[in-house]
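Engineer: Listed below, chain by chain, are the residues.
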Amino acid sequence: MGILVWLESLPLSVWVHEGTSVWAQPTVLTLHTMGMGVLVGASWVLDLRLLGISRNIPLSAFRWVFRAVAISLAVNLVTGVLLFMARATLWGTAFPFLIKILLVVASAATLLPIRTYVLQSDPEQRDASSRAKMLAVLSIATWAAAITAGRLLAYTVAG
Amino acid sequence: MPSITSFNLAHVHLLLNHVPTIGSVVALGLLIVAYIRRDEGLKLVGLEVLFAIALLTLPAYMTGVAAFQKLRGQPGVSDTAIRLHQDVALYGFTWMEFAGFIAWVALWQARRHGRAARGLVATSTALLLVSFVVMARAANLGGDIRHPELGGTAATIDSAEFLAAKISNVMVNSPWAWPASETVHFLGLSLSFGVLLAINLRILGAMKRVPFADVHRLLPWGMLGFGANLITGMLFFVGQPKQYLDSAPFYWKIVFLMIAGANFLYLTVFRKAWTEHPESRWDATLADKAMAFVSMFAWLAALYCGRMLPFIGHAF
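Chains as they are written, first to last, in this note's numbering: chain C, 1 to 159; chain R, 1 to 316.
Some hints here could point you the wrong way.
Beta-carbon label-pair distances, calculated as ranges [said to hold, decoys possible]:
#, chain 1, residue 1, chain 2, residue 2, range
1, C, 23, R, 91, 41 to 47 angstroms
2, C, 105, R, 231, 27 to 33 angstroms
3, C, 12, R, 146, 51 to 57 angstroms
4, C, 56, R, 29, 34 to 40 angstroms
5, C, 130, R, 160, 53 to 59 angstroms
6, R, 45, C, 98, 52 to 58 angstroms
7, R, 166, C, 112, 44 to 50 angstroms
8, C, 12, R, 75, 52 to 58 angstroms
In short, the hints are calculated from the structure, not lab data. Beta carbons are placed, not taken as given, at the ideal position from N, Cα and C, and that holds for glycine.
The whole structure should be built from the sequences, with the hints applied where relevant.
Structural biologist: Here you go:
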């Protein structure tokens, strides 16, 4: 608890939380949402392809997804940490927040085996293995759950 | 930050309110002539016009609600007459969006297979006819607002009986309706974003060896997200119109949505990527790349304005 109080009292945290500048919480939150759109959107497009949508596109053409995911994940890590610091005592003690973080970690974790699978796929390979398809279903579901959990935080914890 | 005042919006409504009715007549005319001449190309033009009208019906409805806020309480203006007009317009809007959605599916299919299924074209024409009839009634009721001397019926209706009031009641008072809609809105935006990212990146040069037709295959998934967000977005707007009406980012959001919607139509129907290089490796020109850039910018800007609503505006 002490560390949460300390985090929250840092000048940066106070600025994000209480700053009247549009660059404070509004911009940090908006960047977090944009990152979410790119991160989840790019993941979902690849998941859909693995499940057989737009079958003509070779899996290897989707390498760009991992670059988009890396960039947006970095943006959301930075903005997420800032948002956490701003109200550390609130988020750090809220069980629903823990669920959200676990769901985000689980979703991001599904990307690792999917990445290995796509990067090692044959340049012309179009069909995904049943294991890859299962990962895709899991990825779609965990991202949807993570967004749901994150959105509901505004009504359960911060509301 | 009301940089665009309700007063101006009432004027904008007087311009835009003609789009659903007169636009429908134009689209219906094109489709009927196309049927008589058996002209497949003209049918597609009719459907494209229909899609554009369905887009513009959104600001037509929204500016109408702004005009209501401006007019209400003024002497000689019947509150019931406005609410009745607004409610019929909401029904007309719903029919119009259905018509636009089916028209889009037909256009998407026509681009892929050379022609749209007869059933789809017929369905969107029928839906357009229904929405035209409803919109004509809305227009007629709209005339009664300022011209009661023309013999309009300003019957007394309990204000809680209107559809807009019922939706608003559920959205505001239900503990889950607003949060659930917000959640769907975020899921929908992610889906649209992902699909448009893939398509625009293809135009900008990623996945160059993939034929455009294959990324075009993804568009219905983008439409799914767009549709989910149109429905949930309208639930927010009808639920709590006042928090959006004097909010500058909200108007910008609608402007960017119109740009994004027009771009969506263009991505669906544009011919170059299909005919010039039928066997793949279509290289986008600088203009195409500029369009892809504008598309991504419009989506990001719409998201930015939406997320900023509670801060620059005062929505929750």
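Engineer: So, for every hint listed, does it hold in this structure?
Structural biologist: Verification of the supplied hints:
Range check, residue 23/C to residue 91/R: Cβ separation about 43 angstroms, and the 41 to 47 angstroms hint holds. For residue 105/C and residue 231/R, the hinted distance range of 27 to 33 angstroms is satisfied, since their beta carbons lie about 31 angstroms from each other. For residue 12/C and residue 146/R, the hinted distance range of 51 to 57 angstroms is satisfied, since their beta carbons lie about 56 angstroms from each other. For the pair residue 56/C and residue 29/R, the beta carbons lie near 38 angstroms from each other, so the given range of 34 to 40 angstroms is met.
Between residue 130/C and residue 160/R, the C-beta spacing of about 54 angstroms keeps the proposed range 53 to 59 angstroms intact. Distance hint check: the CB atoms of residue 45/R and residue 98/C are about 55 angstroms apart, consistent with the given range 52 to 58 angstroms. The supplied range of 44 to 50 angstroms is met by residue 166/R and residue 112/C, whose beta-carbon atoms lie about 48 angstroms from each other. Range check, residue 12/C to residue 75/R: about 56 angstroms between beta-carbon atoms, so the 52 to 58 angstroms window is met.
Hint check: no violations occur; every hint is consistent with the structure.
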